[in-house]
Amino acid sequence: METIRKHLNLLSLFAVLYLAFLYVPVLLLPLFSFNDNIYVTLPFKGFTLKWYANLLANSSLQSALWASVKVGIGVAILSTFLGLLAARAMTRYRLPFRRSIYALIMLPLVIPYMVIGVSTLVILRRGLDMDLSLWTVGASHVLITVPLSMLVLMARMEGFDRSLEEASRDLGDTAWRSFRRVTLPLVMPGIVSSLLLCFITSFDEYLLAFFLAGSDSTLPIFIFSSLRFPSKIPDVLALGSLILMVSIVLVVFAEWLRRRGVSGSDSSVI
Amino acid sequence: MSTQAALNFPATDAVAITARPEWLDGFWLIAPTLLIVIGMMVVPLVGIIVVSFWTQTGFNIEATWTLDNYRVLFTPEGALYRILIVKSLWMSLTATIAVVLLAYPMAYFMAFRIERAKLIWIILLTVPFWTSYLLRIFAWKVILGFNGVINSGLKAVGLIDKPLEFLLYNPTSVTITLAHAWAAYAVLPIYVSLEKIDRSYLEAATDLGDSKWKRFWRITFPLSLPGTIAAILLVFIPTVGDYITPTLVGGTSGIMIGNSIVTQFGKASNAPLGAALSCIMMLAITLAVCAFLAAIGRKRLKAADL
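These protein sequences, in sequence, are chains A and B.
Numbered according to my numbering, the first sequence terminates at residue 270, and the numbering increases by one at each position without gaps.
Numbered according to my numbering, the second sequence terminates at residue 576, and the numbering increases by one at each position without gaps.
Some hints here could point you the wrong way.
[Unchecked claim] Each computed DSS-like pair below joins lysine-lysine, with the alpha-carbon atoms no more than 25 Å apart:
#1 B/K466 x B/K484
#2 B/K466 x A/K45
#3 B/K466 x B/K482
#4 A/K45 x B/K411
#5 A/K232 x A/K45
#6 B/K432 x B/K411
#7 B/K482 x B/K388
#8 A/K232 x A/K70
#9 B/K411 x B/K357
#10 A/K50 x B/K411
#11 B/K357 x B/K482
#12 B/K466 x B/K388
#13 B/K425 x A/K45
#14 A/K50 x A/K232
#15 B/K466 x A/K232
No wet-lab data here; the hints were simulated from the structure.
Just chain A, same shape as in the assembly (with noise of 0.2 Å):
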């Protein structure tokens, strides 16, 4: 008895300690963001609201914010609409190849974004002689989000009862009304979390927004250039914590939704 209690205390302090280890560096920014002093470095000097002051002053990380925050809402809008279409289809119909359709759409999740975006970058500029911006950004965020989105859906669609919609097809509504009167209220948890996931990584995405963005930028490409510069450094932190709060409060709901009502079983987690 005495083992157990020991060995659970130790798994305990493990898991603790595992989490302080997530924490601990991320919490630093949002710390160092009050820090009045232009260098990260210990001790701290005093408590200042300065960086987040200069935040609404610095017209090109508004720029780049903005930009992030359009690429984001299209691709979280186009892919989870392509994803649920797709998760419709893998769930509802028999297809032909199906697994290999399956993995064709999961392969950009095991593809180095590195090698999409060289790729991506050889065949608009030497291939088809296009110009980068944006719209390019958001077409190679499309392609790693839709598997996200799809498989988020398929979760979401393979948890709930097939009948509803023969009943409501039965009692005579289309196709199209059946699908918007049931299946749609059934899998809008699966869509809300689904766009959250697709925005939170377009606005994240760094490599394949540096290589296809050509003269615009993003916020990651803006804060990855402000890095090299120590004097840029706290604004980016201020910048960075504000970022975190939002995704806290996002994410959180965005879980919450997701799990709400998937009849407690974890293996959509992922």
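Got chain A sorted already, so can you dock chain B onto it with the hints?
Just chain B now, kept in the frame of chain A:
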């Protein structure tokens, strides 16, 4: 009858067979996604393979077929690339092992020790993971840097006079940073696998006299292998080609093959060589993954024989 024949393929869903080729509707639903995947991934991948056999002359790429971009790897000048590829694989492998070794007990804790508040633990685990990847990596520069938290903290306490320089800008700092940044990718799949294990197997093992450790190695661990393998692949594959981490915390000794590819497409402006390096990186990853899966498969076969 032709529609019957058309429907006669393996499918996992139990769908009532109708006279109409219903799969065609499904196909139209998935067609736009397939088009995007083909247009944005398959075509570019074929493109980059083709370009890797072309020639760079001055500022232009010429469609002259050559094996030079690959041949350079076997020459003395190509030593840098050989080293970088091996080093990238090695650093990713180390980071992956670190991630999985740390993640496994955490996943075990969540699956077997937490009874009610599982959702809270999952959210706790995923929140830091959703913050900006760039800033998470940068945080380690803040911690390990010359004037970073550790150095300035130790100096303030009076333990050291000069900052410790070995903390940042080396392969180890890259490995630590990667292990932190990819933690959630490992914990979640392992957790799902552990959570799925039928608890009655464990009870049976205990009833039949297995000790805790024996029970773990004979039942829990083998049944958690799918999630563990997924975790290993989910961390290993993307980190080999990582660019942000080696650039921010790697210094000159910690650069990886990704940095070299970016250089070829940027400063060095030798896209065909960059394309060849990308192809070789993909090939190296694929071979490593296949070797890993083959090793696992053989062990499993042996276990089945017993």
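The hints, checked one at a time:
1. B/K466 x B/K484: holds, 20 Å
2. B/K466 x A/K45: With Cα atoms ~51 Å apart, B/K466 and A/K45 exceed 25 Å; violated.
3. B/K466 x B/K482: Holds. B/K466 to B/K482 sits at ~19 Å (cutoff 25 Å).
4. A/K45 x B/K411: holds, 20 Å
5. A/K232 x A/K45: holds, 18 Å
6. B/K432 x B/K411: holds, 18 Å
7. B/K482 x B/K388: holds, 23 Å
8. A/K232 x A/K70: holds, 24 Å
9. B/K411 x B/K357: This hinted pair holds, its Cα atoms lying about 21 Å apart.
10. A/K50 x B/K411: The hint holds at about 23 Å.
11. B/K357 x B/K482: Violated, at about 39 Å.
12. B/K466 x B/K388: holds, 14 Å
13. B/K425 x A/K45: holds, 15 Å
14. A/K50 x A/K232: holds, 13 Å
15. B/K466 x A/K232: Roughly 48 Å between the alpha carbons, so the hint for B/K466 and A/K232 is violated.
Hint compliance for this structure: hints 2, 11, 15 are broken, all remaining hints hold.
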